[in-house]
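One-letter residues, chain by chain:
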Amino acid sequence: MTKIEKKEVEINIDEALCKRCGFCIEFCNAAVYEADQDGLPLVKNLENCTNCRLCELRCPDFAIRVEVIDNE
Amino acid sequence: MSRPEGVQLMEGNHACAWGAIDAGARFYAGYPITPSSEIAEVCAHELPAYGGTYIQMEDEIGSIAAIIGASLSGRKSFTATSGPGFSLMQENLGVGIYQEVPCVIVNIQRVGPATGLATQPAQADVMQARWGTHGDHPIIALSPASVQEMYYLTIRAFNLSERFRIPVIILGDQVIGQTYENIILPDPASLDLVERKKPLVPPEDFLPYQPDENLVPPMAAYGDKHIVHASSTCHCETGYSNFKYGTNRQLLTRLKDKIYNYTDEIIEVEHFGPDDAEVTLISYGASSRVCKYVVGEAEKEGIRVNLLRLLTIWPFPDQEVREALGKTGAVVVAEMNQGQLIGEVNRVNASNTPVHLASGIDGELIRPEIIMTSIREAVK
Amino acid sequence: MAVKLSYREYFKEDALPLMWCSGCGNGILLRAITDSLADLQIPPHQVVVSTGIGCWGKADDYMKTHAFHGSHGRALAFGTGIKLGNPDLHVIALMGDGDALAIGGNHFIHSARRNIDITAVVSNNFNYGMTGGQYSPTTPLSSKTTTSPIGVAEPAFDVCGLSEQCGANYVARTTAYHVTQMKRMITAAIQKKGFSVVEVLNTCPTHFGRRNIAGDPVSVMQYLKDITVNKSRYEKMDEEEKAKYLVTGELVNKDRPDFLSVYRELNPAASETGRGESK
Chain A
1 MTKIEKKEVE
11 INIDEALCKR
21 CGFCIEFCNA
31 AVYEADQDGL
41 PLVKNLENCT
51 NCRLCELRCP
61 DFAIRVEVID
71 NE
Chain B
1 MSRPEGVQLM
11 EGNHACAWGA
21 IDAGARFYAG
31 YPITPSSEIA
41 EVCAHELPAY
51 GGTYIQMEDE
61 IGSIAAIIGA
71 SLSGRKSFTA
81 TSGPGFSLMQ
91 ENLGVGIYQE
101 VPCVIVNIQR
111 VGPATGLATQ
121 PAQADVMQAR
131 WGTHGDHPII
141 ALSPASVQEM
151 YYLTIRAFNL
161 SERFRIPVII
171 LGDQVIGQTY
181 ENIILPDPAS
191 LDLVERKKPL
201 VPPEDFLPYQ
211 PDENLVPPMA
221 AYGDKHIVHA
231 SSTCHCETGY
241 SNFKYGTNRQ
251 LLTRLKDKIY
261 NYTDEIIEVE
271 HFGPDDAEVT
281 LISYGASSRV
291 CKYVVGEAEK
301 EGIRVNLLRL
311 LTIWPFPDQE
321 VREALGKTGA
331 VVVAEMNQGQ
341 LIGEVNRVNA
351 SNTPVHLASG
361 IDGELIRPEI
371 IMTSIREAVK
Chain C
1 MAVKLSYREY
11 FKEDALPLMW
21 CSGCGNGILL
31 RAITDSLADL
41 QIPPHQVVVS
51 TGIGCWGKAD
61 DYMKTHAFHG
71 SHGRALAFGT
81 GIKLGNPDLH
91 VIALMGDGDA
101 LAIGGNHFIH
111 SARRNIDITA
121 VVSNNFNYGM
131 TGGQYSPTTP
141 LSSKTTTSPI
151 GVAEPAFDVC
161 GLSEQCGANY
171 VARTTAYHVT
181 QMKRMITAAI
191 QKKGFSVVEV
201 LNTCPTHFGR
211 RNIAGDPVSV
221 MQYLKDITVN
231 KSRYEKMDEE
241 EKAKYLVTGE
251 LVNKDRPDFL
261 SVYRELNPAA
271 SETGRGESK
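Residue numbers (this note's numbering), protein chains in the order written: chain A, 1 to 72; chain B, 1 to 380; chain C, 1 to 279.
Rather than coming from a laboratory, the hints here were simulated on the basis of the structure. From the three backbone atoms N, C-alpha and C, an ideal C-beta is built for every residue, glycine too. Careful, some of the hints might be misleading.
Pairs of lysine-lysine, DSBU-like flavour, derived with a Cα cap of 30 Å [unchecked claim]: (1) B:K244 to C:K64; (2) C:K4 to A:K6; (3) C:K64 to B:K258; (4) C:K242 to C:K144; (5) C:K193 to C:K231.
Computed spacing ranges between beta-carbons, pair by pair [to be verified]: (6) B:A114 to C:T131: 28 to 34 Å; (7) B:N214 to C:R113: 39 to 45 Å; (8) B:T247 to C:T131: 22 to 28 Å; (9) B:Y260 to C:D226: 58 to 64 Å; (10) C:A15 to B:D362: 57 to 63 Å; (11) C:S142 to B:F243: 36 to 42 Å; (12) C:R8 to B:N214: 32 to 38 Å; (13) A:A30 to B:P203: 40 to 46 Å.
Negatives, chain B to chain C, calculated, CB over 12 Å [to be verified]: (14) E11; (15) P84; (16) S87; (17) P138; (18) E213; (19) R249; (20) R254; (21) R289; (22) G296; (23) E299; (24) K327; (25) Q338; (26) S351; (27) T353; (28) D362; (29) T373.
Let the sequences and hints guide you as you build the complete structure.
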């Protein structure tokens with residue numbers, strides 16, 4: 001049996017660049033995000049994140065950075 | 001066809017095309033229009049052998065756009081047209097001026113407005129050449145009066161456009177464009193050609209619109225490591241758009257001063273006939289050829305006439321015209337329109353010398369009698 | 001060892017935040033384009049973006065490559081001169097639906113016909129956004145806009161159909177939602193010799209979206225998903241069903257010789273590369 005190791009992921013949201021469009025929250029297939037009262041995405045379920053990075057690519061404002069943490 | 005040598009019987013339009021090629025033009029984009037199409041035809045035949053490219057764009061708007069693009073990519077480029085096409089080119093002419101792109105636009109003027117008379121001459125695009133495009137801007141426009149000048153002034157136009165980083169207009173006309181005359185074609189290697197200034201700083205320090213002491217920014221080309229950002233929006237020295245208070249004034253002022261502080265390098269006139277005269281003719285292009293004949297005819301009627309011929313129309317030769325006005329009894333402006341240059345003559349008339357118009361609007365080379373009538377009127 | 005280029009080599013990060021509205025997909029397109037260039041490892045100084053007028057036309061403010069920002073509708077005309085002046089360049093024209101298909105329509109069809117080697121990325125948000133939301137040649141029939149308060153009386157262009165009929169070598173449609181597909185198409189379009197068109201259906205929450213769908217960006221993005229269907233599904237539909245959708249996918253991918261190849265074949269002395277050296 002092959003064991004697939006889940007990588008550790010870090011998500012950074014630049015609050016100054018984020019325009020609260022809601023794309024990352026709505027279209028994340030793993031329900032990683034939740035909106036605060038202003039619509040800013042908060043990382044609620046980091047453990048769900050599969051590092052697909054679609055949120056980063058769908059962010060119109062370069063406000064999200066998804067990076068795999070290199071522990072070595 | 002290959003480049004003719006020595007003395008040739010040649011059409012003005014052909015001489016213009018050879019002037020461009022000899023000046024280093026290696027890109028032509030145009031749309032055929034009478035009476036300029038021969039210029040396009042020479043380029044289509046000849047440019048490939050020089051490593052150049054000829055393309056017929058879908059309209060004149062695309063044509064002037066393409067020559068601006070090619071110039072920004074590093075090639076000397078030009079187009080040729082007449083009134084209707086020149087009108088279409090106005091918006092992008094402004095882009096070329098604002099972005100400081102060297103290129104040459106040849107307007108072989110014909111009767112307008114609208115379709116007018118395609119095969120017949122006029123000189124009625126003079127004010128359009130100055131102010132056809134919207135906004136505050138300078139322009140350089142030259143007026144050849146012979147087939148030989150169609151060759152030499154085209155080369156001069158390229159040199160001025162490279163020196164000043166500005167589109168230069170050749171205000172030709174159907175007579176000079178389609179008349180055959182003898183011209184002498186020099187060895188192209190003997191010509192003094194001007195090339196745009198290149199950046200002297202390394203790429204990381206380069207600002208595409210940072211001017212030198214003479215107000216002209218050194219010019220890199222697309223493809224160079226010096227990155228070029230050319231914008232039709234108000235911009236600062238980085239080339240990027242800039243809406244800050246003061247930027248617009250600074251840019252417009254520099255663009256104007258870049259030309260108007262150096263008119264001694266641009267303006268060219270010819271004095272023909274006796275130094276002292278009762279009547280001075282002021283003229284340009286084909287009309288000035290008739291004026292030279294009229295100087296002799298007036299002498300037969302006992303009227304002392306001389307001619308101030310403008311080879312540079314824009315910037316207007318304020319000083320030279322003001323001086324001519326001050327030294328003569330009266331001026332007759334001879335032009336093939338209803339009076340365009342005459343407004344500029346009046347503007348600089350500090351001596352309040354009487355100014356008359358000899359207007360040729362019959363769709364033919366202005367007849368000597370029209371000018372003689374104005375001369376007789378002037379000495380009454 | 002050469003450093004691998006990332007989108008940051010092409011994208012002007014210090015110009016952030018982007019000027020566009022919340023939920024406007026233009027930034028998504030910029031990311032896809034700059035990622036494509038990085039994947040292809042094209043040096044930034046060999047790239048020229050030629051932009052038009054309008055929201056998408058302001059994309060040049062965010063690029064570190066060579067850039068040209070010209071008059072409305074003429075990005076392809078200026079781009080043609082830029083490309084022919086130095087054929088080694090990668091010229092990418094960034095045009096909105098109005099810039100490309102209204103005022104720029106003539107240059108669009110001729111660029112496709114002569115197959116000039118330029119990549120056109122058309123951001124189609126179904127209206128003229130920058131000027132306040134007037135209708136454009138791609139506004140769907142009956143839509144409400146500021147100049148069609150009771151509905152537009154003209155049908156919309158099929159941008160891809162037009163491109164195909166005029167002879168473009170590569171024609172593809174996607175949406176601002178389909179980012180993976182978008183990047184793949186832009187990469188293929190840049191690599192393709194000849195005229196390439198990538199039409200990206202885009203969100204305009206402030207104008208077209210607010211007046212015809214809803215005011216929130218998510219609803220407008222959802223609309224793009226709802227009105228499109230991928231090629232493989234589309235081909236199985238009957239005509240009635242097809243009429244309800246815009247098909248996405250790579251619609252044309254061929255290799256007709258581009259303008260300069262044909263020109264050089266007919267004129268062997270014309271310059272191979274570079275800027276045309278004099279004899």
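Problem set entry | Reported absence of G296 of chain B from the contact zone with chain C (all CB gaps over 12 Å) | holds, 43 Å
For this session: Find the nearest Cβ of chain C to the Cβ of P138 of chain B and say whether that gap is larger than 12 Å.
Result: Given a closest Cβ separation of 19 Å, the condition holds.
Exercise. Can the restraint linking K193 of chain C and K231 of chain C be considered satisfied, given a maximum Cα separation of 30 Å?
Worked result: Cα-Cα ~23 Å, so holds.
Exercise. Would you say R249 of chain B is clear of chain C, with no C-beta pair closer than or equal to 12 Å?
Worked result: Given a closest Cβ separation of 21 Å, the condition holds.
Exercise. Has the hinted range 39 to 45 Å been met by the Cβ atoms of N214 of chain B and R113 of chain C?
Worked result: Because 44 Å falls inside the window, the suggested range holds.
Exercise. Against chain C, does S87 of chain B keep a CB gap of more than 12 Å to every residue?
Worked result: Holds, because the least Cβ-Cβ distance between S87 of chain B and chain C comes to about 15 Å, which exceeds 12 Å.
Exercise. Honestly, do S142 of chain C and F243 of chain B meet the 36 to 42 Å range at C-beta?
Worked result: holds, 38 Å
Exercise. Can the restraint linking K4 of chain C and K6 of chain A be considered satisfied, given a maximum Cα separation of 30 Å?
Worked result: Holds, because 26 Å separates the two Cα atoms, which is no more than 30 Å.
Exercise. In this structure, is the beta-carbon distance linking A30 of chain A and P203 of chain B contained in 40 to 46 Å?
Worked result: Once the Cβ atoms are compared, 44 Å apart, the range 40 to 46 Å for P203 of chain B and A30 of chain A holds.
For this session: Take a quick look at E11 of chain B and tell me if its Cβ sits farther than 12 Å from every Cβ on chain C, holds or violated.
Result: Answer for E11 of chain B: holds, closest chain C Cβ roughly 23 Å.
For this session: Measuring Cβ to Cβ, find out whether K327 of chain B lies farther than 12 Å from everything in chain C.
Result: holds, 45 Å
For this session: Would you check whether the claim that P84 of chain B is not at the interface survives, using Cβ distances to chain C and the 12 Å cut-off?
Result: holds, 16 Å
Comparing the model with each earlier hint shows no violations; every hint is respected.
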